[in-house]
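Novice: Add chains F, Z and S with the ligands to chain R, keeping to what the hints say.
Protein chains in written order, with this note's numbering: chain R, 1 to 255; chain F, 1 to 80; chain Z, 1 to 80; chain S, 1 to 782.
The hints are simulated quantities; they were obtained by calculation from the structure and are not laboratory data. Keep in mind that the hints are not guaranteed to be accurate.
[Stated by the list, open to error] Restricting the straight-line Cα-Cα distance to at most 30 angstroms, the calculated cross-link-like pairs of lysine-lysine (DSSO-like) are:
(1) F:K62 / Z:K62
(2) Z:K41 / F:K11
(3) S:K168 / S:K325
(4) R:K134 / S:K168
(5) F:K11 / S:K168
(6) F:K41 / F:K62
(7) S:K325 / F:K23
(8) S:K549 / S:K168
(9) S:K614 / R:K134
(10) F:K23 / Z:K41
(11) F:K41 / F:K2
(12) Z:K23 / Z:K2
(13) S:K737 / S:K727
[Claimed, not checked] Derived Cβ-Cβ restraints for the label pairs, each shown as a range:
(14) Z:F15 / S:S604: 56 to 64 angstroms
(15) Z:G30 / S:R89: 52 to 60 angstroms
(16) S:D725 / R:E171: 32 to 40 angstroms
(17) R:Q237 / S:D167: 39 to 47 angstroms
[What the hints assert, rightly or not] Only some residues are given here: those of chain R computed to face chain Z with a beta carbon under 10 angstroms:
(18) A82
(19) R85
(20) T114
(21) G121
(22) T154
(23) D170
(24) S199
(25) G203
On a predicted model such as this, the values are computed, not experimentally measured, just so you know. Built from N, CA and C at the ideal position, the CB exists for glycine as well.
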Amino acid sequence: MAATSAATATAVAPSVSVTTRRPRFGVVSFPGSNCEQDAVNALRFIGYSAEFVWHRSTSLDGFDAIVLPGGFSYGDYLRCGAIARFSPVMEAVIAFADAGGPVIGFCNGFQVLTEAHLLPGCLIRNENLHFICKSVVLRVEDSTCEWVDLAPGTVTSLPVAHNEGNYTCDEATLARLRANHQVVLRYCEPDGSTALGGSAPNGATDDIAGICNEAGNVFGLMPHPERVTDGVNGQTQGAAFFTAIARRIERGVAR
Amino acid sequence: MKRYEIFVTGKEGIFDPAGEQSKRALANLGYQGIDELTIGKLIRLDVEDDVTEETVREMCRKLLANPVIEDFSITLLEEA
Amino acid sequence: MKRYEIFVTGKEGIFDPAGEQSKRALANLGYQGIDELTIGKLIRLDVEDDVTEETVREMCRKLLANPVIEDFSITLLEEA
Amino acid sequence: MTENAHATVTPSGIEIDLSQVPAPVAAAIDTLDAERAPQIAVDLGLTLDEYETVKATLGGREASLTELYVYSLMWSEHCSYKHSKRQLRRFPSEGPDVMQGPGENAGVIRVGDGWAVAFKMESHNHPSAIEPFQGAATGVGGIVRDIFTMGARPIASLDSLRFGMLDKARQRYLFEGSVEGIGSYGNCLGIPTVGGEVYFDEAYEGNCLINAMCVGVMREEDLTRAVGSGPGNPVVLLGSTTGRDGIGGASTLASQEFDEAAENKRPAVQVGDPFTEKLLIEVCLELLQRGGFVALGDLGAAGLTSSASEMASRGGVGIDLDVRKVPAREDGMRPFEVMVSESQERMLGVVTPENLDDVMATCERWGVRCAVIGSITDTGRFVVHDGDLPAGQDIVADMPAALLADAAPVYDPAFRRPAYLDEVAEYNPYHLLLESTVVDLSAVLLTMLASPNVCSRRWIWEQYDHQVQSGTVVLPGADAAVVRVGLPGRGAVTNRGIALASDCNGRYCYLDPYVGAQIALAEASRNVSCVGARPAAITDCLNFGNPEKPEVFYMFKEAVRGLSDACKVMGVPVVSGNVSLYNESFSQPIHPTPVVGMVGIIDSLDEVCTASFKQAGDTIILVGETHDELGGSEYLKHVHDVTAGTIPRLDLGLEMDVQSTVRDAVRMHLLSSAHDCSDGGLAVALAESCISGHLGCEVALDDGLEPVASLFSETQSRILVSLSDDKVEEFEKLVGKHAVPWSVLGTVGGERIGIEGKVDVGLGEAAHIFDVTLEDLVNQVD
Ligand SMILES: Nc1ncnc2c1ncn2[C@@H]1O[C@H](COP(=O)(O)OP(=O)(O)O)[C@@H](O)[C@H]1O
Ligand SMILES: [Mg+2]
Numbered sequence: 001m002a003a004t005s006a007a008t009a010t011a012v013a014p015s016v017s018v019t020t021r022r023p024r025f026g027v028v029s030f031p032g033s034n035c036e037q038d039a040v041n042a043l044r045f046i047g048y049s050a051e052f053v054w055h056r057s058t059s060l061d062g063f064d065a066i067v068l069p070g071g072f073s074y075g076d077y078l079r080c081g082a083i084a085r086f087s088p089v090m091e092a093v094i095a096f097a098d099a100g101g102p103v104i105g106f107c108n109g110f111q112v113l114t115e116a117h118l119l120p121g122c123l124i125r126n127e128n129l130h131f132i133c134k135s136v137v138l139r140v141e142d143s144t145c146e147w148v149d150l151a152p153g154t155v156t157s158l159p160v161a162h163n164e165g166n167y168t169c170d171e172a173t174l175a176r177l178r179a180n181h182q183v184v185l186r187y188c189e190p191d192g193s194t195a196l197g198g199s200a201p202n203g204a205t206d207d208i209a210g211i212c213n214e215a216g217n218v219f220g221l222m223p224h225p226e227r228v229t230d231g232v233n234g235q236t237q238g239a240a241f242f243t244a245i246a247r248r249i250e251r252g253v254a255r
Numbered sequence: 001m002k003r004y005e006i007f008v009t010g011k012e013g014i015f016d017p018a019g020e021q022s023k024r025a026l027a028n029l030g031y032q033g034i035d036e037l038t039i040g041k042l043i044r045l046d047v048e049d050d051v052t053e054e055t056v057r058e059m060c061r062k063l064l065a066n067p068v069i070e071d072f073s074i075t076l077l078e079e080a
Numbered sequence: 001m002k003r004y005e006i007f008v009t010g011k012e013g014i015f016d017p018a019g020e021q022s023k024r025a026l027a028n029l030g031y032q033g034i035d036e037l038t039i040g041k042l043i044r045l046d047v048e049d050d051v052t053e054e055t056v057r058e059m060c061r062k063l064l065a066n067p068v069i070e071d072f073s074i075t076l077l078e079e080a
Numbered sequence: 001m002t003e004n005a006h007a008t009v010t011p012s013g014i015e016i017d018l019s020q021v022p023a024p025v026a027a028a029i030d031t032l033d034a035e036r037a038p039q040i041a042v043d044l045g046l047t048l049d050e051y052e053t054v055k056a057t058l059g060g061r062e063a064s065l066t067e068l069y070v071y072s073l074m075w076s077e078h079c080s081y082k083h084s085k086r087q088l089r090r091f092p093s094e095g096p097d098v099m100q101g102p103g104e105n106a107g108v109i110r111v112g113d114g115w116a117v118a119f120k121m122e123s124h125n126h127p128s129a130i131e132p133f134q135g136a137a138t139g140v141g142g143i144v145r146d147i148f149t150m151g152a153r154p155i156a157s158l159d160s161l162r163f164g165m166l167d168k169a170r171q172r173y174l175f176e177g178s179v180e181g182i183g184s185y186g187n188c189l190g191i192p193t194v195g196g197e198v199y200f201d202e203a204y205e206g207n208c209l210i211n212a213m214c215v216g217v218m219r220e221e222d223l224t225r226a227v228g229s230g231p232g233n234p235v236v237l238l239g240s241t242t243g244r245d246g247i248g249g250a251s252t253l254a255s256q257e258f259d260e261a262a263e264n265k266r267p268a269v270q271v272g273d274p275f276t277e278k279l280l281i282e283v284c285l286e287l288l289q290r291g292g293f294v295a296l297g298d299l300g301a302a303g304l305t306s307s308a309s310e311m312a313s314r315g316g317v318g319i320d321l322d323v324r325k326v327p328a329r330e331d332g333m334r335p336f337e338v339m340v341s342e343s344q345e346r347m348l349g350v351v352t353p354e355n356l357d358d359v360m361a362t363c364e365r366w367g368v369r370c371a372v373i374g375s376i377t378d379t380g381r382f383v384v385h386d387g388d389l390p391a392g393q394d395i396v397a398d399m400p401a402a403l404l405a406d407a408a409p410v411y412d413p414a415f416r417r418p419a420y421l422d423e424v425a426e427y428n429p430y431h432l433l434l435e436s437t438v439v440d441l442s443a444v445l446l447t448m449l450a451s452p453n454v455c456s457r458r459w460i461w462e463q464y465d466h467q468v469q470s471g472t473v474v475l476p477g478a479d480a481a482v483v484r485v486g487l488p489g490r491g492a493v494t495n496r497g498i499a500l501a502s503d504c505n506g507r508y509c510y511l512d513p514y515v516g517a518q519i520a521l522a523e524a525s526r527n528v529s530c531v532g533a534r535p536a537a538i539t540d541c542l543n544f545g546n547p548e549k550p551e552v553f554y555m556f557k558e559a560v561r562g563l564s565d566a567c568k569v570m571g572v573p574v575v576s577g578n579v580s581l582y583n584e585s586f587s588q589p590i591h592p593t594p595v596v597g598m599v600g601i602i603d604s605l606d607e608v609c610t611a612s613f614k615q616a617g618d619t620i621i622l623v624g625e626t627h628d629e630l631g632g633s634e635y636l637k638h639v640h641d642v643t644a645g646t647i648p649r650l651d652l653g654l655e656m657d658v659q660s661t662v663r664d665a666v667r668m669h670l671l672s673s674a675h676d677c678s679d680g681g682l683a684v685a686l687a688e689s690c691i692s693g694h695l696g697c698e699v700a701l702d703d704g705l706e707p708v709a710s711l712f713s714e715t716q717s718r719i720l721v722s723l724s725d726d727k728v729e730e731f732e733k734l735v736g737k738h739a740v741p742w743s744v745l746g747t748v749g750g751e752r753i754g755i756e757g758k759v760d761v762g763l764g765e766a767a768h769i770f771d772v773t774l775e776d777l778v779n780q781v782d
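The following block holds chain R by itself, in its conformation from the complex:
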């Protein structure tokens, strides 16, 4: 993982938490979420504490990290994540993130994070207009993201399942993402290279599969690490997307 930036290491959390304790993850449940249970199970499987947070809740007190799960919040009508972004809980999530609290969103959670402007850019319809569910190969980039427990350059695989995973942003944003080391994961070929014309199954700009905010505490990715954590089909590589932040929390670094 990339060296932690000074800014995030010294981030002040909104509420004080005891060091060295089991990190407590809050998993937000929006109407229409459908991966919240999977996330809770995956986190508990690794040994962390995880509780649901109802979308109407306005407080995140007591949580060390927040998960925005996958699914189709509010049916993903209008635009995915657009309606969920106005759930009462999102004000608290934004405050939590602004104060340096760790937030991860996968799939629909990523879409909600962009709609809430906690992450730049937007996720639009897959290039081929089809929903895509399959295992994809990913390269871990040298980023400031605090969440990932894998060395830059590592090639791993995770399942994706989305209709709108085509990451897009304007040129200036892309330049900033690159300069600030905010690209966390890219779609790639099995050997770690990027194919001519791109390796993203969904047409994502610059093969982007996951990004973080400048501070590194907010992380959004289209793939589903929670689906390959408890070994159900022989895979456990998803855990690496939760363990780094948990260790930081245990050390009392974040929150």
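Specialist: This is chains F, Z and S with the ligands only, laid out in the frame that chain R set:
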């Protein structure tokens, strides 16, 4: 070159869940006085001058709209 | 009661997969002379008379359009 | 016909003892006049005899308009099974593990340790032929409601599809739209679509088949039935508003032949709202869990009419509803429109007065609409009020609930053996066998891998979220999908699994309905056996043409007889199912297609096997043996465009032995792979195991048959397995014990698919063709 604007909207009586949920969301945001909200498509088609409205209509029937559940209307804008 | 029509369209430079695919499909169907095809949203909003265009604009900025990728325009139609 | 009040009337073959009919509650009712009533009845699809029966159940008076709509839908083929009911009684539906057989919204079986699964398959053929996306989507919505109604959490779906050939643009449109619709609905619900099947044949050109199956899991004690009880209990309607969409939708469409007239039925298209359905799942399961409902039922075909009357009839009670309390989507709906609307995503519940507040509050918390629309009564009458009318004149329907639901006429349609059966049976593909010595069999194999009925279905299942809920153990692409049993939301994850497969070869059934239907069961069982599961029970979806045509009904009868005989022999009960008739267009019936949806039980997820070769050097063995059986094969159809011949024989005893051999071997961890030989025969099965395992093979087939038969014959009861050398001896003992024929074919490894003296193709080339065919067919340009 000319531009056609095509409005594709749900047929009368066809349920529009996206409109319904968006309406609810606006109400939850505190907006009042909304009676109805429907979501359709706006297609902008820039074509060579020799593409007639009749051809565009055919494109709509064949591909751009779903005649079973959608109506469409076509407007010619002056210049693309 | 009055009706607003809201056009939500992709910002310049933002890729429009649905438009792109439809254009290709039309070409495959043998249609020629298509230069550009973009697909946006047409939202019809029927509201009480006291809902101002400014309020509708706010609804768009907040929820109905995403300023990162979309532009919008609002037209007031006479009667709903 | 109704001389006195105690007469027994049988105008349509049913017997009604009028002395048992509960007395009406309405003082007066606005009936149709005696002249117009029969005409409208006929327009709505009833026969004149049937209308006489309606009158008899109403005590001899004419029906009101609302009543007439209600009866015509309840007594339509789709709701009443009037042509198929007698035949369906043949199916064995009992068994030690059966908790709920046919008759409820879904069948339920025990799967061990107090766990049970509910499952059912249903057709949405006619709606999908009009609007494939919405038709298929709402088909998924309907079957999912049937499952959670039972108290089970839906954990997996399957889809069984049939279309015409993809060189026709309309067929591509139907195929693409249906797949997208199924995906969009299931994906949004978060129910993994883990398997299914698809066939392309001209026979389905005018009438595609979209069958959807859903499976849910629950603790045994959670089983809920849609039995209304407790006079005075409020009746609530949950979910979407009620609109004019789908008036006379599924039930009308599905009970008539499909031709150009259907164009006029366009307004009947229903639009699915999976988001509301997802909320309904959560609300209903949460409430059921704490006993919130006395009864719960979904609104499917015939909407409110059907679910209310069935609930009342099952409980032997009456029900009072006010159409004006039903949240309407449109203004000015007439009572009958409310009663028969097929608007989607609605559930009907009976609650106790004490629980009402909790139900309302829970719905409110989830953002689900909930309205009290009536109550249970002790009158035995199904009474519909129109609250807009003055009191005393507000009753628009007053019908005996039990008779409405259960006294629909039952027919024994005439049947006649179609003459073509003998003709096609005479066809002998012998001349093609001789040809096989001069053709390039490697090229033929590649051609077969490019058959739309053989090639990879990846293009389909990649559009389905097949992993959500994180319980999919064996992903699509294997013989059967395997899903973990448990309710993670309630802290229960087990090491048990269920295996799911759906199968039916319509071409076989067209050539021989009896054996063809048996093969559907045999293949489905074989598929679950290959992954290591014990075939436990099935659901079915019987897709046929117009039952009023004697030839069609013969095929129906024979298929049902074949399937039920096979079920009895194999000890597999039929716990739920669906019949879809009138699948014809321009008088051309589809191939008879009795689809079997199988659930198998896996006691330990550590003992599961898949179809792909795993390790170079493994020995490849064929369990079972190949005969010269090319009749009805994919080879004949795809390579020679022939649909004829005698279909493969089926020896159910051998079938069961082959399957139990392989199941035992999986349980003993002897096998690296197991794959059933079906469409395309042994050569295709070999290629599939190679392609999915990224490993070649080197085999020899010493069966003494002509090469083409050896490669592509579709002899049943064959499973291709591979295993490491150190396991071969133990495996030999096992096959010996089961006394099934078997032979060593060769070994796994290399970069080529090599069949000595016959085939030699590069693995890469075969894999490429297998992989891209479907997508290429979909994307072809005229
Ligand atoms: N319509 C479909 N939807 C989802 N999965 C499908 C569909 N059709 C086929 N599959 C999957 O593709 C694989 C091969 O299907 P099929 O050729 O029917 O298998 P088999 O011949 O063993 O029954 C199976 O895993 C099946 O579940
Ligand atoms: Mg099959």
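Novice: Next, verify each hint and record whether it holds.
Specialist: Now the hints, each set against the structure:
1. F:K62 / Z:K62: Violated, at about 35 angstroms.
2. Z:K41 / F:K11: Holds: Z:K41 and F:K11 sit about 16 angstroms apart, inside 30 angstroms.
3. S:K168 / S:K325: 48 angstroms, violated
4. R:K134 / S:K168: 29 angstroms, holds
5. F:K11 / S:K168: 27 angstroms, holds
6. F:K41 / F:K62: It holds: about 16 angstroms lies between the C-alpha atoms, which stays within 30 angstroms.
7. S:K325 / F:K23: 22 angstroms, holds
8. S:K549 / S:K168: 29 angstroms, holds
9. S:K614 / R:K134: 21 angstroms, holds
10. F:K23 / Z:K41: 15 angstroms, holds
11. F:K41 / F:K2: 20 angstroms, holds
12. Z:K23 / Z:K2: 35 angstroms, violated
13. S:K737 / S:K727: 16 angstroms, holds
14. Z:F15 / S:S604: 56 to 64 angstroms: 49 angstroms, violated
15. Z:G30 / S:R89: 52 to 60 angstroms: 55 angstroms, holds
16. S:D725 / R:E171: 32 to 40 angstroms: This hint is violated: roughly 60 angstroms between Cβ atoms.
17. R:Q237 / S:D167: 39 to 47 angstroms: The hinted range 39 to 47 angstroms holds for R:Q237 and S:D167, with Cβ atoms some 43 angstroms apart.
18. A82: 6 angstroms, holds
19. R85: With a minimum Cβ separation of about 8 angstroms from chain Z (threshold 10 angstroms), the hint on R:R85 holds.
20. T114: Since the shortest Cβ distance to chain Z is 7 angstroms, the answer is holds.
21. G121: Nearest chain Z Cβ about 7 angstroms off; hint holds.
22. T154: Violated, because the Cβ-Cβ distance from R:T154 to chain Z comes to roughly 29 angstroms (cut-off 10 angstroms).
23. D170: Result: holds, 7 angstroms to nearest chain Z Cβ.
24. S199: Because about 17 angstroms separates R:S199 from the closest Cβ in chain Z, which is outside the 10 angstroms limit, the hint is violated.
25. G203: Status holds, d = 7 angstroms.
Checked against the numbered hints above, the structure breaks hints 1, 3, 12, 14, 16, 22 and 24 and satisfies the rest.
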